Amino acid sequence: GESVGLHLPTLSVQEGDNSIINCAYSNSASDYFIWYKQESGKGPQFIIDIRSNMDKRQGQRVTVLLNKTVKHLSLQIAATQPGDSAVYFCAENTGGYNKLIFGAGTRLAVHP
Amino acid sequence: DGGITQSPKYLFRKEGQNVTLSCEQNLNHDAMYWYRQDPGQGLRLIYYSQIVNDFQKGDIAEGYSVSREKKESFPLTVTSAQKNPTAFYLCASSKLQGGSYNAQFFGPGTRLTVL
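These protein sequences, in sequence, are chains A and B. Count along the first sequence from 1, add 1021, and you get the number used in my numbering. Count along the second sequence from 1, add 1, and you get the number used in my numbering.
Just chain A, with the same shape it has in the complex (with noise of 0.2 Å):
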C-alpha cells in the first residue's frame, strides 16, 4: 500500500492506555479544525471537528481540545485499539470558502 509519512514523528503507545496527539495551527484567524485518520494506501477518514467558539468537544472514545491562546490542538483517544495505528492530521481553515490547511501528520502505534 501507499507508505504515507515515512519521516512522521511517532507517537508509540501501548494497547488500552490514552493517547493524546498534538498539533500547533499556523493562522489565529482559523475558527474551523478538524482531526483526521489515515490508513497505509487509504484516504483520510473524517473523526472529530471543531469550531472556534468551543474549547472542546467529545466523541466515541474521543476528544479534541482547543486552545486558541497558543494555537494549539490535541485529539485525546481514550483506551486506545491496534485499529487505531494510523496517521492523523490537523486541518485548519485558514480563510477562503472551506479551505483546509493540513499539518504534516503524526503516526501512531499501538502495540499489544
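None of these hints come from the bench; they were simulated from the model. Any given hint could be a false lead.
[To be verified] Distance ranges between label pairs, derived from CB positions:
#1 ASN1048(A) <-> LYS72(B): 46 to 54 Å
#2 SER1049(A) <-> THR21(B): 37 to 45 Å
#3 ALA1045(A) <-> GLU70(B): 24 to 32 Å
#4 SER68(B) <-> GLU1060(A): 42 to 50 Å
#5 ARG45(B) <-> GLU1036(A): 28 to 36 Å
[As the list claims (entries may be wrong)] With a Cα cut of at most 25 Å, we get these calculated DMTMM-like pairs of lysine to aspartate or glutamate:
#6 LYS96(B) <-> ASP1038(A)
#7 LYS1089(A) <-> GLU1060(A)
#8 LYS1120(A) <-> GLU16(B)
#9 LYS58(B) <-> GLU70(B)
#10 LYS71(B) <-> ASP31(B)
#11 LYS84(B) <-> GLU73(B)
#12 LYS1092(A) <-> ASP1070(A)
#13 LYS1092(A) <-> ASP1052(A)
#14 LYS1063(A) <-> ASP39(B)
#15 LYS1120(A) <-> GLU73(B)
#16 LYS10(B) <-> GLU63(B)
#17 LYS1120(A) <-> ASP39(B)
#18 LYS58(B) <-> ASP1105(A)
#19 LYS1120(A) <-> GLU70(B)
#20 LYS1063(A) <-> ASP55(B)
These numbers come from a predicted model, not from an experiment. We put the beta carbon where it would ideally sit given N, CA and C, even for glycine.
Knowing the structure of chain A, use the given hints to seat chain B on it.
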C-alpha cells in the same frame, strides 16, 4: 451506499502522456476538491470547485486541469507539463452552508506512478 469513489486505484503513466483521474460523489455535496499527497507531507490543494461549471486553482495547480460539468463529478487531468506527477491523489467533497465551514470527506485515492 453514499460516498466518494475514485478510479483507478493505481495508474501508470509514460513520460509525455496526459492521464485523467476520476472522482464521483453521491452525497449531494456542492463543493469538490483535489489534493496531492507526497510521503512525509500533508495534503496540498490542487483545484477546488464550489459549483457546477466553476472551479479555482489551489496552491499547486500548475500542470493540472479539471472540469465540473456535473455536480457529482470532478475529474482531474494530469498533463505532461506536470514535472513530478508521481504521488497519491485524493478527491474530497463537502457541503456548503450559508458561509460556515464544513468537513471535507475523502475518497480512497489514486496512486499515480510515472514510468
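Each hint tested on the structure:
Hint check: ASN1048(A) to LYS72(B), Cβ distance near 30 Å, so the stated range 46 to 54 Å is violated. Between SER1049(A) and THR21(B) the beta carbons are some 40 Å apart, a value that agrees with the proposed interval 37 to 45 Å. In this structure the hint that ALA1045(A) and GLU70(B) lie 24 to 32 Å apart at CB is violated, the actual value being about 40 Å. Evaluation of the 42 to 50 Å hint for SER68(B) and GLU1060(A) yields a failure: the beta carbon distance comes to about 30 Å.
Checking the proposed 28 to 36 Å range against ARG45(B) and GLU1036(A) shows it holds: the Cβ atoms sit about 34 Å from each other. A threshold of 25 Å between alpha carbons decides the hint, and for LYS96(B) with ASP1038(A) the separation of about 36 Å lies outside it, so the pair is violated. Straight-line distance between C-alpha atoms of LYS1089(A) and GLU1060(A) comes to about 29 Å, which puts the hinted pair past the 25 Å bound. With a CA separation close to 32 Å, the supplied pair LYS1120(A) and GLU16(B) exceeds the 25 Å bound.
Distance hint between LYS58(B) and GLU70(B) is fulfilled; the C-alpha atoms sit about 17 Å from each other, no more than 25 Å. A threshold of 25 Å between alpha carbons decides the hint, and for LYS71(B) with ASP31(B) the separation of about 10 Å falls inside it, so the pair holds. Restraint check for LYS84(B) and GLU73(B): not satisfied, since their Cα atoms lie roughly 29 Å apart, outside the 25 Å limit. Distance restraint check for LYS1092(A) and ASP1070(A): the Cα-Cα separation of roughly 15 Å lies within the 25 Å cut-off, and the hinted pair is therefore satisfied.
Restraint check: the Cα-Cα separation between LYS1092(A) and ASP1052(A) comes to about 11 Å, which is no more than 25 Å; the hinted pair holds. In summary, the hint linking LYS1063(A) to ASP39(B) is supported, as the alpha carbons are separated by about 13 Å, within the 25 Å threshold. Among the hinted pairs, LYS1120(A) with GLU73(B) is consistent with the structure: their alpha-carbon atoms are about 19 Å apart, no more than 25 Å. For the suggested pair LYS10(B) and GLU63(B), the alpha carbons sit about 23 Å apart, so the restraint of at most 25 Å is met.
In summary, the hint linking LYS1120(A) to ASP39(B) is supported, as the alpha carbons are separated by about 19 Å, within the 25 Å threshold. With a CA separation close to 34 Å, the supplied pair LYS58(B) and ASP1105(A) exceeds the 25 Å bound. Between the alpha carbons of LYS1120(A) and GLU70(B) the distance comes to roughly 21 Å, so the proposed pair stays at or under 25 Å and holds. In summary, the hint linking LYS1063(A) to ASP55(B) is not supported, as the alpha carbons are separated by about 28 Å, beyond the 25 Å threshold.
Consistency with the previously given hints fails for numbers 1, 3, 4, 6, 7, 8, 11, 18, 20, ordered from lowest to highest.
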